[in-house]
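> Protein chains in written order, with numbering that gives the first Met the number 0: chain A, 0 to 118; chain B, 0 to 231.
Calculated from the structure, these hints are not laboratory results.
A virtual CB, placed ideally from N, CA and C, is assigned to each residue, including glycine.
Check the hints yourself; a few may be wrong.
Restricting the straight-line Cα-Cα distance to at most 27 Å, the calculated cross-link-like pairs of lysine-lysine (DSS-like) are [to be verified]:
| no. | chain 1 | residue 1 | chain 2 | residue 2 |
| --- | --- | --- | --- | --- |
| 1 | A | K32 | B | K23 |
| 2 | B | K23 | B | K76 |
| 3 | B | K194 | B | K205 |
| 4 | B | K194 | B | K213 |
| 5 | A | K32 | B | K76 |
| 6 | A | K28 | B | K23 |
Quick partial rundown of chain A residues pointing at chain B, CB under 8 Å, derived from the structure [claimed, not checked]:
| no. | residue |
| --- | --- |
| 7 | E71 |
| 8 | N72 |
| 9 | D84 |
| 10 | V85 |
| 11 | T86 |
| 12 | R89 |
Chain by chain, the residues run as shown.
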Amino acid sequence: MRSSVENPWVYYATNVTGTLNLLDMCQHKGIGKFILASSSSVYGADPPLPTPEDADTDHPLQPYASSKKAAENLCYTYHYLYGTDVTVFRYFTVYGPAGRPDMVMFRFAQWIAKAARCT
Amino acid sequence: MGMARSGAVLPIWTTSPRHILGLKPVGYEVINLGGHEVIDINQLIGMIEKRVENAARIEYLPRHPADASVNFANVDKARRLLGWEPRVSMEEGVSSLGELVPGRTQLGQPGGHPVSVLRKAWQTWRQDRLLQLVTRNSGYLFSSNGISSVITAVQGFLAALLLGPADFAVLGMVITYASSINRLLSFRMGELVIKYSGQYLALGRKDQAAAVIKPPGSARRLLLCLPTCCWC
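Turn these sequences into a full structure, and let the hints guide you.
So this is what it looks like as structure tokens:
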């Protein structure tokens, strides 16, 4: 998320243009179901706890979060225009099989294992 | 990662859920997926310390403005619409971290020993099909070139032995003459032959393939013979 502050373009290319490409392809190929992996970061600074889906998402803190919100909006537009069936999942700090090594759980685990500093 | 959010802050963590539930037709719905446990960052570090049997060195920094501080999902909607339920506890999730991504995260192993580095490189090579193909094809190329240069050397040696110095010199002149004429008049017709005759052979048209090979062949022979005749 922090790296999206340094390079927002790559996050927008992947999350927004990428989602748009996929939605457009689904529409052309007649694929009826679209699942978007969104993020709990769309809830911004001070969400109510535990956060419900209808909490405010208009104040994202990073380009990453705003790109995810843009992707959600695109999904709604395609649902409205073409009837694509969309489920948007907002994941809360994912970890697990096939997780990215730069995600927090693996980074913590590796830092501690290698006795590096956790900052 | 800002660890300044220790103590008072309550992040919640999730294991990747089963996506099959997500295939259910819903129209358009936004659904939270998150764990059922709320722990703070210090508890999490404690769990990982236990898992990797190492003590963490923690440095507290001021919170980055782009770091979200709190993370706790209301998953009622996922329960209601999809029947989803978080099943993996934090303790279980952390303890399976090492096994989940074999090769990517090897917890508790101080890597970097030269032998293990070599073994790792060998394993990478074995898993990389493209690299193997490149190695194999370069092997073919080098071995055919090697064999042909050995044969040429043997041929030259035998010719020198059989002809004697005077005749061998004449042979050398002939070969030099032929190769310089060849260089002068070569229009890379081999490439033409490879391109088009391969195409016809693939279609099973042997006559057409032969027709592609014959004219460049004759042209070449003619070009080599003509100056030779003139010279003689």
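> Against each hint, give a clear statement of whether it holds in the structure.
Outcome of the hint check:
1. This hinted pair checks out: K32 (chain A) and K23 (chain B) have alpha carbons roughly 9 Å apart, not beyond 27 Å.
2. Straight-line distance between C-alpha atoms of K23 (chain B) and K76 (chain B) comes to about 14 Å, which keeps the hinted pair within the 27 Å bound.
3. As the CA atoms of K194 (chain B) and K205 (chain B) are separated by approximately 14 Å, the hinted pair is consistent with the 27 Å bound.
4. As the CA atoms of K194 (chain B) and K213 (chain B) are separated by approximately 14 Å, the hinted pair is consistent with the 27 Å bound.
5. Of the pairs offered as hints, the one joining K32 (chain A) and K76 (chain B) holds, with about 19 Å between alpha carbons and a cut-off of 27 Å not exceeded.
6. Using a Cα cut-off of 27 Å, the hinted pair K28 (chain A) and K23 (chain B) holds, with the two alpha carbons roughly 19 Å apart.
7. Hint status for E71 (chain A) relative to chain B: holds, with the closest Cβ pair at about 7 Å, below 8 Å.
8. Because the smallest distance between the Cβ of N72 (chain A) and any Cβ of chain B comes to about 11 Å, over 8 Å, the interface hint for this residue is violated.
9. The beta carbon of D84 (chain A) is positioned within 8 Å of a beta carbon in chain B (closest approach about 5 Å), and the interface hint is therefore held.
10. Evaluation of the V85 (chain A) hint against chain B yields a held restraint, the C-beta minimum of about 5 Å falling below 8 Å.
11. The criterion of a C-beta within 8 Å of any C-beta in chain B is met by T86 (chain A), whose closest approach is roughly 5 Å, and the hint holds.
12. A distance limit of 8 Å between C-beta atoms decides the matter here; for R89 (chain A) the minimum to chain B is near 5 Å, and the interface restraint holds.
Going through the hint list in order, the structure does not satisfy hint 8, though it satisfies all others.
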